[in-house]
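**Q** Chain by chain, the residues:
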Amino acid sequence: MDDRSAIDKRPFLDRLENQGLSLEDRSLKTRRLLPFDLPVFAGHFPGRPLLPGFLEVWMAVEGASLLAGRPLGVQSLDKVRFHQPLLPGDLVDMTVRWDPDRFQASAVLTKDGAKAAVLRMTLVPR
Amino acid sequence: MSGKGALILGSDIERYLPHREPVLMVQEILEETDDGLTASALLGKDFPFQDAQGFVYDSVWCELAAQASAVFLKRRSEDPDEMGLLTGINDFRIHRATALPAEVSVRIAFSRRIGQVFVFWGEVRLAGGIPVAEGELVFFVQPSEESPKD
Chain A
-14 MDDRSAIDKR
-4 PFLDRLENQG
6 LSLEDRSLKT
16 RRLLPFDLPV
26 FAGHFPGRPL
36 LPGFLEVWMA
46 VEGASLLAGR
56 PLGVQSLDKV
66 RFHQPLLPGD
76 LVDMTVRWDP
86 DRFQASAVLT
96 KDGAKAAVLR
106 MTLVPR
Chain B
100 MSGKGALILG
110 SDIERYLPHR
120 EPVLMVQEIL
130 EETDDGLTAS
140 ALLGKDFPFQ
150 DAQGFVYDSV
160 WCELAAQASA
170 VFLKRRSEDP
180 DEMGLLTGIN
190 DFRIHRATAL
200 PAEVSVRIAF
210 SRRIGQVFVF
220 WGEVRLAGGI
230 PVAEGELVFF
240 VQPSEESPKD
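Protein chains in written order, with the working numbering: chain A, -14 to 111; chain B, 100 to 249.
Bear in mind the hints are in silico, worked out from the structure with no lab data behind them.
Heads up, some of the hints might be wrong.
With the Cβ distance kept under 10 Å, some of the chain B side facing chain A (calculated, not the full set) [stated by the list, open to error]:
1) Q126
2) D133
3) P147
4) Q149
5) V159
6) D190
C-beta atoms are modelled at their ideal positions from N, C-alpha and C, and glycine is treated no differently.
Take the sequences, apply the hints, and build the full model.
**A** The following block contains the structure:
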């Protein structure tokens, strides 16, 4: 164990294996592998591991923060839909679009080309 | 949150929720009515879902309200293997960034049902009644005979 063993405060995206990241002015595309040993799977749920929805949301917030160049928090989750669960070993493609004038972001998470989650949210500087 | 007067506390929560550490957040059910319940949670300094500044991920409040809603559903279900999955979040507003540790209560109220879809409204407050977050959660409740296809 390293010196992060007590509390891991890395961005959640950094706990996932980065398999690609492209950043443009107002949009981001990234591919992340969900490790089988991600600690959250032990409790959500034992025997049926799947990524909690709140972490899918936070992945998108962190993606928007990368685009904004600063940490962001949530003002409102305007509309979020979870279409299929994300499981250990899944390759997740996430696209985030950022509107800096309105502080609004939208995100789509897919696996195997099919939608896993679609989000629309309003963010605030942290 | 001493547990005094709580309806459900400690490990008894696990009878109503499939969640376990590090995701199990609801600690006690303080009050229950026909249309909702109030739960409590104490998120310690070592809570794993915090950013570099020590603030709770804002989306945690959705999960907390979802767990309270799941307890409400489970206590009314006659199917022991029935499982509710969060499928939607609508207009969920975060009123403040919350640093750890945080002692919170969450009040959820059943709003409506359409077939196997159940809609709840949830509100999270810090000790002292300070509002943290509120909004709508949508669940699909999967009867046990419909085994998951994932």
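**Q** Give a verdict on every hint.
**A** Right, here's what the structure says about each hint:
1. Q126: Not OK, violated: Q126/B not within 10 Å of chain A, min 14 Å.
2. D133: 27 Å, violated
3. P147: 7 Å, holds
4. Q149: 6 Å, holds
5. V159: 6 Å, holds
6. D190: Result: holds, 6 Å to nearest chain A Cβ.
Hint check: violations occur at hints 1 and 2; the rest are consistent with the structure.
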